[in-house]
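Protein chains: 4
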Amino acid sequence: MAPRTPKSVVKVDVTKQPWEQDSPLHNRWHPDIPPVAQVSVEELFRVETIDWTGGQILDNDSAEDVKNIDLSRVHYLSGPIRVMDEAGKPAIPGDILVVEICNLGPLPGDEWGFTGTFDRENGGGFLTDHFPSATKAIWHFDGIFAYSRHIPGVRFPGLIHPGLIGTAPSKELLDIWNSRERLLVEETPSLTLCSSLHTRPLANLPLAKGALLGKIPPGSSQWQAIANEAARTIPGRENGGNCDIKNLSRGCKVYFPVFVEGANLSMGDMHFSQGDGEVSFCGAIEMSGFLELRCEILRGGMERYMTPIGPTKLHVHPLFEIGPLEPRFSEWLVFEGVSVDESGKQHFLDASIAYKRAVLNAIHYFSNFGYSKEQVYLLLSCCPCEGRISGIVDAPNAVATLAVPTAIFDQDVRPKRGTPSAARVIQQANVPKCVYEGKLPITKVLSLE
Amino acid sequence: MAPRTPKSVVKVDVTKQPWEQDSPLHNRWHPDIPPVAQVSVEELFRVETIDWTGGQILDNDSAEDVKNIDLSRVHYLSGPIRVMDEAGKPAIPGDILVVEICNLGPLPGDEWGFTGTFDRENGGGFLTDHFPSATKAIWHFDGIFAYSRHIPGVRFPGLIHPGLIGTAPSKELLDIWNSRERLLVEETPSLTLCSSLHTRPLANLPLAKGALLGKIPPGSSQWQAIANEAARTIPGRENGGNCDIKNLSRGCKVYFPVFVEGANLSMGDMHFSQGDGEVSFCGAIEMSGFLELRCEILRGGMERYMTPIGPTKLHVHPLFEIGPLEPRFSEWLVFEGVSVDESGKQHFLDASIAYKRAVLNAIHYFSNFGYSKEQVYLLLSCCPCEGRISGIVDAPNAVATLAVPTAIFDQDVRPKRGTPSAARVIQQANVPKCVYEGKLPITKVLSLE
Amino acid sequence: MAPRTPKSVVKVDVTKQPWEQDSPLHNRWHPDIPPVAQVSVEELFRVETIDWTGGQILDNDSAEDVKNIDLSRVHYLSGPIRVMDEAGKPAIPGDILVVEICNLGPLPGDEWGFTGTFDRENGGGFLTDHFPSATKAIWHFDGIFAYSRHIPGVRFPGLIHPGLIGTAPSKELLDIWNSRERLLVEETPSLTLCSSLHTRPLANLPLAKGALLGKIPPGSSQWQAIANEAARTIPGRENGGNCDIKNLSRGCKVYFPVFVEGANLSMGDMHFSQGDGEVSFCGAIEMSGFLELRCEILRGGMERYMTPIGPTKLHVHPLFEIGPLEPRFSEWLVFEGVSVDESGKQHFLDASIAYKRAVLNAIHYFSNFGYSKEQVYLLLSCCPCEGRISGIVDAPNAVATLAVPTAIFDQDVRPKRGTPSAARVIQQANVPKCVYEGKLPITKVLSLE
Amino acid sequence: MAPRTPKSVVKVDVTKQPWEQDSPLHNRWHPDIPPVAQVSVEELFRVETIDWTGGQILDNDSAEDVKNIDLSRVHYLSGPIRVMDEAGKPAIPGDILVVEICNLGPLPGDEWGFTGTFDRENGGGFLTDHFPSATKAIWHFDGIFAYSRHIPGVRFPGLIHPGLIGTAPSKELLDIWNSRERLLVEETPSLTLCSSLHTRPLANLPLAKGALLGKIPPGSSQWQAIANEAARTIPGRENGGNCDIKNLSRGCKVYFPVFVEGANLSMGDMHFSQGDGEVSFCGAIEMSGFLELRCEILRGGMERYMTPIGPTKLHVHPLFEIGPLEPRFSEWLVFEGVSVDESGKQHFLDASIAYKRAVLNAIHYFSNFGYSKEQVYLLLSCCPCEGRISGIVDAPNAVATLAVPTAIFDQDVRPKRGTPSAARVIQQANVPKCVYEGKLPITKVLSLE
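Protein chains in written order, with my numbering: chain C, 1 to 449; chain G, 1 to 449; chain L, 1 to 449; chain A, 1 to 449.
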């Protein structure tokens, strides 16, 4: 019996452009993007990925690259990978594709990552009304630990995971996506009444510009047809996709619905670490990386295990099984927010606003310990913090909480009696930042200016 | 030195009505409700509480009591308790009151609890559109474990916590609450555009009926004045209150803002266990109970550690410190939801809807294992499951996840190859249920009928 | 259905002497000690216990009581309890008695405990050659936490457990015990060659003096017969007994062999907390307490699940199932010892000596942080530290390790660069101590004097 | 700033013999073995190692290689590595060398390992009296998981660690080792009285045969001088060495005493996983591998933090700091043993015998579930089980416990009511085994034959 060295199915070269890779990448979801590799169940295989921006962000001390990022091009995915059973028959629609994450990590020789906030008029973020400027922090890896020259005094073990992993949608499912997202955009005016998040783009509809479609020759008529209707990769949807589940790490299993023959599994957007919510949008510690995977097929599993809502019964979601290997923290500080926005306006059971308030509370709190608010915002976006929906029924307030492990700091950050004279002067370093020069008015909130 | 037996400050008698207790209870928030006890920092003290409904729900096999509950009377709180420092000086506004939960549990002789869903027209719940009927499950305690004759096959250790604990608001803060909640109710029409939760009451404004105000004689002019403006206890707010944080158990600390002299700490609504979100509304394992507490005062701590948003700088929130004692589960099944509602409509980064979908997915899933959907709904409301905001930036989809520990079931509930012939017939028992006879139309969603 | 209030089967009164309790206690193991209570499987029942010494140790600042303790009287046990199945038939020899620990804790009103080292000539301890004097530390409980006025600067959650719990031996098993322990004592001379622990009594053989035998009238002929052959309770043996397993807490199950009809379960010696090894002998935080238990019978389980060594097949041991509720510590300092004794003499794969060295290393280490060595010795005996056999095959050295959770200290106890000027002056308090006046020579070991 | 790719200081080629490697290896401890590499503090560096036997054991289905292993050649170590501070000055005696394990794993392309029991007359093991034959199990790695074709039905995440890591001894320390171990061998007769382990070699004294000494030319006079007095690597000693601490994995720190200039750090014997005690001797999942490390120097730290026992003050031990990343198991079965040996003979507080009995109990227990005793013996040697010294003071019985996580099995291994008819027939596979043909008499113990 041979050693269990994983079979390499996608290799990348981070010194090349995304469109120059030997194994063609893609950055859209569409049933007709052809597989680049094939694997059998029970076979351990290895997939490498470039970072989600395809190398647009550099390891330097300026945030200009974040400010000027081209978001039409993201996220660059490796795959699709076609999955066959022991008898050589492919997964088919209705099956469940089980993907076990046996190992994963940064690419050897490329052990670094970045976290950023986008400019309010080019991407924005969860708190873009408060933090409209592009910022960036670079992270270095010491094996399982990450630390940053831009946010001194913190160091934590990564819970490495793919931010984006999913199966290809069927044409039918794709149409559902496009139609509901288009409807949202057309309804914008009424939506502005209920969300304080309205200054960000409502949805990213299909866009041919920037599309990379694997083996499909760019500019060909087939490319044109697909690019015009292929779904963008930004949101998580029924196929998994950009689900940003921070615990999806070594030893986990994902149960994906299969919508096309072969399942056509794709993945990318590797994160060294992420906080729940990934609040700054470019918010995890973004990196290139590798995954070692193993698949299984549960024939007919969708009907049995997934929720077939609606007439088409395609509104299903992946299911995850979290394994036994996670960093173990014993003490947490927990910040609470309720669904009253920063202007004092009451909202009805709105967990998004409650979570926004919890994050703002945490940013204010940690800024007592020698950090700038931008540093904390980036930190809470990428450290292993947990965002919870604690109460969702006690009208009118949803209660959301953000729990931050205290062990990531090299100082004691708990509330103390007396003046925190020991609050360390950390601001010898700060995060690179570009001044916001946009036209949208910025929310004036006293305490956060 | 004497043994550390806690000083008893509030005792209750569960065979009496709430208004008959020796230590007067209250069920509204108001600065003028006078303290019923006084404690010093460093003193260990014991508070007993009745269940949040004041004994309206009985240990029997009918859900009639849940259907006909009088919600104007909840939640019955023990306190207020006035807190003094070592020198005998009270906590004052601007201080932080640190409350350590040294121990807590059910009342000896009253070791049972209940979980219910309210009738859609008398309280409702997170999924009231799908589950409009009143239901009830009774739980029995075996020391740290809970089990139910109405939901066989599950048993789990409780993470006992007070659902409701907080300091008294100042008059200024109370006015802010009343004004913003009134504004919400008046704006109802526009809100219905953005929430699928709109069939529930938008807010519970002050209501004299049912008010119990501690030592204030009912019907007196002072009672009338307070009852007309005192805040209801349903939502969590800046003073803590009904925060429903399931991890607030043995060994935790809460850092409360102090708004009135003496802090006036109150608590009640003890939960034997609760899932994040407490989705069925009457959703934890509700019980009577006791707490052993110890306080500390951080003089002037609010300005230092809390976020003073807005002109009044009163929009602050409690902070929690989670301790090292929690049930330790090693395997979880994680259900995902995105912000597309059950009708297929796309919403913009709405974590509440995403979480609703995650919960519906979990209900469907576990109903494969011999449970009715009502049983699962109640179970997910009160077992130690975790509700996370996984992604809140990838427009238009918020991604919420619900993680359920597999060890609470006495069968293997993971997805399996082949027909789940082994799915046990559990429905020898089911939860008591009252037929919904209301007038509001019920959402028709194929898969969940 | 009635609330699940546990049925009280043994109550104690800590203001009375052990022999004055309403439910007669016992302090020896013998098949003929009659049951004092009977329970059925599936019945939740409550047992109270006095502390193991029966009140000989007081909450004061002198170690005289520890020095002069009468060890012929320990341990005082509650029971025996006879266990019946659903049909009213008793457990019989060959069955396994499953005992689930549903809850346990200190007795209300008696929330304190003690840890001590015995005088070298009256009990001694694991390190009695280094610490020959009687010492004592009193602990106070704040709910789940313990702290001591004699060892300032530490505070930790207890993992409460019964130090001693077991089923009654059969006559046959009792004879095996007595015969093998007598043989040991008779072989003393050869043993002194191989153990540095030889200054302590080799075994505690049956002793009528001090015996308390439950319902058997003291001084009666039956009492005399039993007292002369009943086994002492000091060592753990095949029936469980003084196993001192620190994790045997809430939610655990013990599988006991049944040797006599009814199983005759007894228990006592409650510990608020204990470190692995219980090194100072009177080493846990000793207290009175209560247990809430539930039993099950596995008919014929001994043959199936236990190891029937030897001709009599009675050499079996209990089996434990550790539950999900334990304090969760994320950082530990680990001390190593190998089987070379303090004089430099090499021993062959002797884990006891290796562990002794690991404990001595830890005592030396923590004495850098403002503690006396006596304080550390007591602390390591009762705090939740873990003693491991790391290597037992690499001749000639066994490697044992002692892991101490850093979170129990209120200062950072990790090794640091530079002079530990911050080492806090803690010795404003120390443990009460009696000078050793014995005749045995004390080992001279430079570094530990 | 460059990416944090670790600097490679030792590379190995597993297709070559140990003595053919580009970076010379060594298999003895001696101060005069010259460094092969130099690193600075704060520098991340990578060390590769071959397996401890240097390729003597093959991935096949025969145990012949285990039976005939040449133990004079083990363990092959990478290093020594000389460590310098920021200013280019080396670590010196009296300093502490802090080594942080930032990452580690199997060598890419060599993802397999082995566990074995040696023949009783060529190495033996902890239970060699019961299991005198050579056996072997091959393990395959699926990322973080290990499974074996020879022990079906188990799979667990590895807690990868170096079995052997340490600093070079000074001449003075080496002399202490040699003198005390020689004394042990000369005292054999008296030792046989107190240990049932006496059939194994008492110690492995210096042996020129098989010695590999890094850059020192084999056969040279310098080689001869060193080989004759260099310490064997089998036991752990004051310099760390073969400490076999199973938790010494990602994120841990080791604080080593420094005995020679430059510290001269060496390491090898990588384990994919190990149980406490490593009972079968060749007992972990042995493999080749890599480590990514980072060093720090605490000047003068030995005097401050380590226990300077004896006149030479060299009897010190490493200190370990365990990090937050470990597999998290929630349920354990715990087996107990007391210090009565298999023949029924009572020993005095002998933790080694107590642990032996606990391991024998566990072997018997798990053999109820379809496994051969040899399979269980190997499994308990390498799975993440914990061996504890629970009680070491209750004369005459030491109590040791062995805790086995139930989640490593694919069946429910807890005790159950009724006949275990479901006990799976696993013995379609068994471990390769060589018949014992030696001359030493085998202990006859009924239950284990």
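One thing to keep in mind: the hints can contain errors.
Stated by the list, open to error - Using 16 Å as the maximum straight-line C-alpha spacing, the simulated EDC-like pairs for lysine to aspartate or glutamate come out as follows:
#: 1; chain 1: L; residue 1: Lys345; chain 2: A; residue 2: Glu296
#: 2; chain 1: A; residue 1: Lys345; chain 2: L; residue 2: Glu186
#: 3; chain 1: A; residue 1: Lys416; chain 2: G; residue 2: Asp410
#: 4; chain 1: A; residue 1: Lys7; chain 2: C; residue 2: Asp61
#: 5; chain 1: L; residue 1: Lys345; chain 2: A; residue 2: Glu321
#: 6; chain 1: C; residue 1: Lys416; chain 2: G; residue 2: Glu331
#: 7; chain 1: A; residue 1: Lys345; chain 2: L; residue 2: Glu187
#: 8; chain 1: L; residue 1: Lys253; chain 2: A; residue 2: Glu331
#: 9; chain 1: L; residue 1: Lys345; chain 2: A; residue 2: Asp175
#: 10; chain 1: L; residue 1: Lys416; chain 2: A; residue 2: Asp175
#: 11; chain 1: L; residue 1: Lys416; chain 2: A; residue 2: Glu186
#: 12; chain 1: C; residue 1: Lys253; chain 2: C; residue 2: Glu100
#: 13; chain 1: C; residue 1: Lys416; chain 2: G; residue 2: Glu321
These aren't lab readings, by the way, just hints derived from the structure by calculation.
Quick rundown of the hints versus the structure:
no., hint, in the structure
1, L:Lys345 with A:Glu296, "violated, 33 Å"
2, A:Lys345 with L:Glu186, "holds, 13 Å"
3, A:Lys416 with G:Asp410, "holds, 13 Å"
4, A:Lys7 with C:Asp61, "violated, 24 Å"
5, L:Lys345 with A:Glu321, "violated, 28 Å"
6, C:Lys416 with G:Glu331, "violated, 36 Å"
7, A:Lys345 with L:Glu187, "holds, 11 Å"
8, L:Lys253 with A:Glu331, "holds, 11 Å"
9, L:Lys345 with A:Asp175, "holds, 13 Å"
10, L:Lys416 with A:Asp175, "violated, 31 Å"
11, L:Lys416 with A:Glu186, "violated, 43 Å"
12, C:Lys253 with C:Glu100, "holds, 4 Å"
13, C:Lys416 with G:Glu321, "holds, 12 Å"
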